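Trainee: Hey, can you work out the whole structure from these sequences and the hints?
Number of protein chains: 2
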Amino acid sequence: MTDTVDTTNNAEEAPERPTAESGVIEVDAVEADAIDSELDSTARRAGSTDARRPSTNHVVVARTDVEWLGRYLLGTWADVRLAARDLTAKPEMQRIEGLSLDEHRQRVFGQLTLLVQNGQVHRAFPKSVGGEDDHGGNIAGFEELVTADPSLQIKSGVQWGLFGAAVLHLGTQYHHETFLPGIMSLDVPGAFAMTETGHGSDVAAIGTTATYDEQTQEFVIHTPFRGAWKDYLGNAAVHGTAAVLFAQLITQNVNHGVHAFYVPLRDPATKAFLPGIGGEDDGLKGGLNGIDNGRLHFDQVRIPRANLLNRYGDVAEDGTYSSPIESPGRRFFTMLGTLVQGRVSLDGASVAAAKIALTIAITYGNERRQFTAGSDTDEEVLLDYQLHQKRLIPKLATTYAASFAHEQLLTKFDQVFSGAADTDDDRQDLETLAAALKPLSTWHALETLQEAREATGGAGFLAENRLVGLRADLDIYATFEGDNHVLLQLVAKRLLSDYSRRFAKADFGVLARYVVEQAADRAVHGSGLRSLSQRVADFGSTARSVGQLRDASAQRQLLTDRVETMVAEVAAALRPASKLSKKAAADLFNLHQSQIIEAARAHAELLQWEAFTEAVDGPTGLASGMDDGTRVVLTWLRDLFGLGLVEKHLAWYLMNGRLSPKRAQAVGLYTERLSARIRPHAQDLVRAFGYGPEHVRAAIATGAEKARQAEARDYYRAQRAAGTLPAPEKKPGRTR
Amino acid sequence: MTDTVDTTNNAEEAPERPTAESGVIEVDAVEADAIDSELDSTARRAGSTDARRPSTNHVVVARTDVEWLGRYLLGTWADVRLAARDLTAKPEMQRIEGLSLDEHRQRVFGQLTLLVQNGQVHRAFPKSVGGEDDHGGNIAGFEELVTADPSLQIKSGVQWGLFGAAVLHLGTQYHHETFLPGIMSLDVPGAFAMTETGHGSDVAAIGTTATYDEQTQEFVIHTPFRGAWKDYLGNAAVHGTAAVLFAQLITQNVNHGVHAFYVPLRDPATKAFLPGIGGEDDGLKGGLNGIDNGRLHFDQVRIPRANLLNRYGDVAEDGTYSSPIESPGRRFFTMLGTLVQGRVSLDGASVAAAKIALTIAITYGNERRQFTAGSDTDEEVLLDYQLHQKRLIPKLATTYAASFAHEQLLTKFDQVFSGAADTDDDRQDLETLAAALKPLSTWHALETLQEAREATGGAGFLAENRLVGLRADLDIYATFEGDNHVLLQLVAKRLLSDYSRRFAKADFGVLARYVVEQAADRAVHGSGLRSLSQRVADFGSTARSVGQLRDASAQRQLLTDRVETMVAEVAAALRPASKLSKKAAADLFNLHQSQIIEAARAHAELLQWEAFTEAVDGPTGLASGMDDGTRVVLTWLRDLFGLGLVEKHLAWYLMNGRLSPKRAQAVGLYTERLSARIRPHAQDLVRAFGYGPEHVRAAIATGAEKARQAEARDYYRAQRAAGTLPAPEKKPGRTR
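Each protein sequence line maps, in turn, to chains A and B.
Using my numbering, the letters of the first sequence map in sequence onto residues 1 to 736.
Using my numbering, the letters of the second sequence map in sequence onto residues 1 to 736.
Some hints could be false.
Copies of the same chain look alike in the list, so a pair counts if it works inside one copy or between any two.
[What the hints assert, rightly or not] With a cut-off of at most 30 Å between alpha-carbon atoms, the simulated DSSO-like pairs for lysine-lysine come out as follows: (1) Lys648 x Lys390; (2) Lys579 x Lys730; (3) Lys390 x Lys582; (4) Lys648 x Lys662; (5) Lys662 x Lys271; (6) Lys648 x Lys493; (7) Lys730 x Lys582; (8) Lys493 x Lys582.
Calculated from the structure, these hints are not laboratory results.
Keep in mind it's a predicted model, so treat the numbers as computed, not measured.
Mentor: This is how it looks when you write it as structure tokens:
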């Protein structure tokens, strides 16, 4: 059978349709020619005939092996994830809607103690203090908590991922022995006191000072003005009895920049602030109200010299400063670099939230009926409407891309933090990768939750269906642990510095045209500038035919070319900056800021696409044991993601002569067709996410809607059969 | 002075910058030539020189007359709006964050009684029952309530705009005399029982039945299955003692379609459900928790025959049905049409919410500093960053467009409901206009609130800064009173039927190329198909020069051409449907659903653009007494809106040969330049919205941030002056 799409549609449009599993469809393994003629046909949009010709005898049945794919998605730390999902399945770990601020805070604090009892939170700590030195596993387990309650994920992240991790990574043996046990056991709940009211993403400019007093061998912590109050700190409003505090280290009248200090905050017994310390409750927030965010200020508060977390910078008794890292700038970024795990885990948690959202919306969309279209009596299933497919299925593709990309990020993170691959370059690559992926996945989660909410109508607005609560909680993911735009700007700076390093001595005019060395044989690039496999000028000839758009190498070229060209253009535009005054250079940079950030976004999208491609037909994918049918479905999904990116940036491809108007029009048709093809597999593709009813917990995704629809249809069917249905006043003439 | 932009930037970049009022800039009244050469210059992006040449001796100072513009924005019902703002300024009318569900519901119910005491809610009712027959004024006042608490707006909308309005518009004298007094006084809080669990936007298919029993002269209200439970009804969970209920009217074994009935629900004293009636609380929602939404079901509940709201359909004692409207379809849409005011008021409330959001984000963006760029000591004001401008200023332009468009919608509404212009065509135009504008403004409000939230970082996430609460409340505006996509589909059907009516007998092949009669002299079109002022084929020659993009007629052509072409394409594609089976026709429609909805969206965007243009330099604008400086600023803003639409759909213009790649690139440069030019006026433009601190109520928009920034800068300045600022370890090399 070659008439793939029609077969599918027929199977889906029968009143009593089979499940996606039984509704398998057949497809040619090689389709380029066939799709070509399909797209050339003027009748293509009517869809009544399919001009596809078999170009090979090898026929593959498109299907989704849900169980296999589920395991594949679980990735390297599958066991940890499954254990974490067992835990998040327990009602006592889950959010209860409608709690008051205080009740929610207390509940989440109680859940943290359950995590400790359960041994869930110590994986990342050294074996010497009872941990497991398992960094990737730690994050994998941690990010799964988001399905129980994002407040639980973030509050435990504050305690162990920020407060504890700072003591671990910025402190030395004394700090580990002295402070980690209390942190790990939750005897000492703590805040991560970095952000100030006046300074968020610009940590280097914080105002709090820690001035060394040689006389008493103490640091004096001080808040010089209102803008330097620490702000938005989890655990600061109620529970925290200590903090890792970031302040400008001043000794011998020299400011050595931002360092971290261990600072007791409250009397553990009375919970009263210690002398010189004050604060405020940040109060109600848009979400994450299980966390007690608050503000802190310090009036000449003294702490022992030893409380400086001194791995990267130390002060001797006499006030002499020393550091293993000479450059203050590099030292600062090294210290901050240890905190990359926050971004890694937000990336993973956002992917998990998008998976929950799509599980809800696609399950409901597959059961809910609304409006009769092609029949007098049977209403249409929502997901059979083209628009509904267009709203949800590309988001499914992006979620798969983000999921595979996150697995790569987590692997990279584990390699660096385990020491398996821990050079400066590795660390920089990790930071760039995290800075690239976290913005995309956090925004994607918000967009997906919102689309799912709107696609489920009034039902989606009820708290019992979870979408609004998850969206409210994840809202802040877009700006914490680094504002998304600031992170993308970091990525762009890395791209520009990679670019200029490679061409430091070359003539620029030449470079702008010859964009970069051959790299067709290079596998996925974790970060940095992705190289183009051939000269831009040659591109037109290699993907002339419309059908080749679905070829992976054509997609790669289109996406890579865009990144390369944008980086080259920005680099050219900024080139005069070296000869300008600081002010004029800043103005020049500012004139190109949007362009710079757009280049970084393009790069991050390419990284997701590469990760998806690697998972499907790169070495990892080929070695995975994936069956051909599943590969067909995942390839459609990857194509939808890749061509969806091209469609999103279509104006760029047209303005820059990379696609002809005719080929550009084909892109939109393709993504529409691909969505329709994937539609019968959509339910299987969300089932493969592996979240059960105990994780999804949405009343509309339990099959209740299906039962209601069946009851209504049975009612009318019985009435019609019995002749008791009142006649309509006039036969309604619905479609002309 | 001709060097406009640089003057502005210099004024804005001084450390102690003047307010926008004093930082006036000068601009040529006629700029087309100048901008042309500016854009042709390769140095244009560096912005260091401005090649603009004066092409006229008439020099206008761009400025915003805030007081005048504020009055202009208030529109026809300025007095009502100002009175409503006095009311919403009162703390007892305002939302308190963090109330429990019950507390919030009780508070809002109490506020409704204050509205009654204040005489705010009866404007739309007839003079015969103590009202004022003032329909436009009623909506204007009502939509202002959103700034106090969206729950208050919507709960009062349920009581008087839906429940009361249904009795008024669907009932007759008996109902007015019997039921309106209790509704108006809030003695009878009531629900508007239309939506069912199984049917939202498809009201015609609801399952609840009202079967006439001649023996007792009663209607029997019945819920035949679970999907036919009434759902999401405000006032149903707790407060409602009656409802206007929509059900299939059955008499003499004929179903006459959906009609409305007045149904008592609860014992007014005990609040217990009356016999046969049951229900559930919808519980916590994503927002609007001051409203007690709930579900209702009916088991053979009997009501008197007279409780049928019988204006458009009646049942005699003997069970004979009669109606002044013969066609059941038209009757149904006439009954639903009386409810258009819900959509009108959501449109207006969404505009108000976007105004509040931008007032907060722009005020904060004008005070907040982050990162040093061009200086070692002074941090940049957020709104001086190009990206920040790009995030907020186009949204300011869209908000102005939506505000002017709403004023036109409200005027049309008032004309229809007052009877001043109340033909069938007028009613249809009103419904199409409301269906076009409500989706755009509700989505715009959500996007603006979200962008404002992210642009204000962690502060934006705190409830005290209002953005998250407003966003949560307005979320549902996108899908209630008609799902936005369903509404756009209604608009598209109107466009298609207008199109086919005009060309019913013409040969289609000709029509696809000649798109429509001359209409250059027609003013804004409230609805229906906007005509193109010349043949599409001619377009290329009329706007060949880049500079002409800013010409209003060029923008109109680009936007109109897109609507016309899309409608013609869809019409051509759907043409075979008349010869197909119902099923095949539905499939064909479905294949073009996205395209159809995109055409409607384009039409709605054009309507906003026309309204903006009319307000600036149409007859209304010219007669308004606007001074030239304000007109320059508003023209920039209108151009930013218009060219922003072209930029958003740039791929379409390129694929369809309407813009050359070079001209297309100019569009993006233009919107960037326009945002930068408007930037110094941004604060004035939000001040003109006229919302004071008592309406905005956001801690970050009070000037507190400005004071904090000043304190921090003073601190460092004093330390530097005194030589007490600790030296940096090394001179930081911030740029490069």
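Trainee: Could you run down the list of hints and mark each one as holding or not?
Mentor: Now for the hints, and whether the structure bears them out:
1. Lys648 x Lys390: Answer is both; intra-copy 13 Å and inter-copy 18 Å each pass.
2. Lys579 x Lys730: between (81 Å within a copy, 23 Å between copies)
3. Lys390 x Lys582: between (47 Å within a copy, 23 Å between copies)
4. Lys648 x Lys662: both (16 Å within a copy, 20 Å between copies)
5. Lys662 x Lys271: Neither way: Lys662 and Lys271 sit 69 Å apart in one copy and 66 Å across, limit 30 Å.
6. Lys648 x Lys493: Answer is both: 24 Å inside a copy and 27 Å across each meet the 30 Å cutoff.
7. Lys730 x Lys582: between (78 Å within a copy, 18 Å between copies)
8. Lys493 x Lys582: Within one copy, since 17 Å is at most 30 Å while 58 Å is not.
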